[in-house]
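A.B. asks: The sequence shown begins at 1 in this note's numbering and counts up one residue at a time.
It is worth saying that the hints were derived from the structure and are not from the lab. Source: prediction; values computed, not measured. Even for Gly, the Cβ is constructed at its ideal location relative to N, Cα and C. Some clues are possibly wrong.
[Claimed, not checked] Cβ pair distances, simulated, as ranges:
#, residue 1, residue 2, range
1, S43, Q198, 16 to 26 Å
2, T142, H191, 23 to 33 Å
3, L208, L261, 30 to 40 Å
4, P137, G180, 31 to 41 Å
5, K130, A167, 46 to 56 Å
6, D97, Q254, 22 to 32 Å
7, D250, K217, 41 to 51 Å
8, N230, G179, 38 to 48 Å
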Amino acid sequence: MYFATFASPHFLHALEYVTSTFVRRDDAVSSSCTDVGFDSRKSATHIRVADFGCSYGLNTLKHARMTFSSILKAAISGDIQRRIELQYIFSDLPQNDFNALFRSLNPVGPPLQNFRRNENCCKESMEHVKFFAAGVPGSFYTRLLPEQSVHFCICVFAMQWLSQVPAKVMQRGSKFWNGGHAWIDGPNRAHVFAAYSQQFHEDAKTFLRCRSEELVKGGVMFLVALSRKNKELGESSDSVGVDDWTEDLDSSWQDMVDEGLVSE
Numbered sequence: 001m002y003f004a005t006f007a008s009p010h011f012l013h014a015l016e017y018v019t020s021t022f023v024r025r026d027d028a029v030s031s032s033c034t035d036v037g038f039d040s041r042k043s044a045t046h047i048r049v050a051d052f053g054c055s056y057g058l059n060t061l062k063h064a065r066m067t068f069s070s071i072l073k074a075a076i077s078g079d080i081q082r083r084i085e086l087q088y089i090f091s092d093l094p095q096n097d098f099n100a101l102f103r104s105l106n107p108v109g110p111p112l113q114n115f116r117r118n119e120n121c122c123k124e125s126m127e128h129v130k131f132f133a134a135g136v137p138g139s140f141y142t143r144l145l146p147e148q149s150v151h152f153c154i155c156v157f158a159m160q161w162l163s164q165v166p167a168k169v170m171q172r173g174s175k176f177w178n179g180g181h182a183w184i185d186g187p188n189r190a191h192v193f194a195a196y197s198q199q200f201h202e203d204a205k206t207f208l209r210c211r212s213e214e215l216v217k218g219g220v221m222f223l224v225a226l227s228r229k230n231k232e233l234g235e236s237s238d239s240v241g242v243d244d245w246t247e248d249l250d251s252s253w254q255d256m257v258d259e260g261l262v263s264e
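Can you build the whole structure from these sequences, using the hints too?
C.D. replies: Okay, here's the thing in structure tokens:
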């Protein structure tokens, strides 16, 4: 619901920029070459889109469908003569259920044809655009794709998953130890919050560096992440509204530790 009401318009605007920058520009260059006797429109414009932290499910398919629809819309408009080949890369940790993801993409027939059938476009437009899907397992806190190979990358509600638990938090007896709690927030856990905040800053820098190397010049990154209004941990913080259920969560985890079901 949040993506549909808030992020979708921005997502579509970013896609339109990608189409204008990389598809229509290449097509204009092709037309100029044709004017001087060289028809480069026989070759295709290649667009590569990568969804980092894609998971699998309805949201994953929504991002892919919106991307495909945007590219098809450009082809249907009739002002693009050059063929378009779109590669959509689904990337997540190896334990992501890629099998379920690709089964949902392709219940029957060649890859992604079910997406094309659901679009209201003529046969000529469908032949004008070819889709290719790929899965790339790995942490998005590392380089996953070749240098300057991605035109549009997506990361929606995934960066809250850090690369690791901060080492300081694992030190029993230290001021950073978060024993007895499953939540990092609260006025009495400022050191724990600081440790996680530092880890996020390090991870975010790594993420941005990796994507900057993978994106082509002029490429676009669409990032949607959780945030907070301020960094204060007191009664005026925006975490007060979740105190009740986090206390219940802490209590539930402690019960499981006491029963030996999980380790602390």
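A.B. asks: Does each hint hold? Answer for all of them.
C.D. replies: A quick look at each hint next to the structure:
{"no.": "1", "hint": "S43 / Q198: 16 to 26 Å", "result": "violated (48 Å)"}
{"no.": "2", "hint": "T142 / H191: 23 to 33 Å", "result": "holds (29 Å)"}
{"no.": "3", "hint": "L208 / L261: 30 to 40 Å", "result": "holds (39 Å)"}
{"no.": "4", "hint": "P137 / G180: 31 to 41 Å", "result": "holds (35 Å)"}
{"no.": "5", "hint": "K130 / A167: 46 to 56 Å", "result": "holds (47 Å)"}
{"no.": "6", "hint": "D97 / Q254: 22 to 32 Å", "result": "holds (31 Å)"}
{"no.": "7", "hint": "D250 / K217: 41 to 51 Å", "result": "holds (48 Å)"}
{"no.": "8", "hint": "N230 / G179: 38 to 48 Å", "result": "violated (27 Å)"}
The structure is inconsistent with the numbered hints 1, 8, although it conforms to all the rest.
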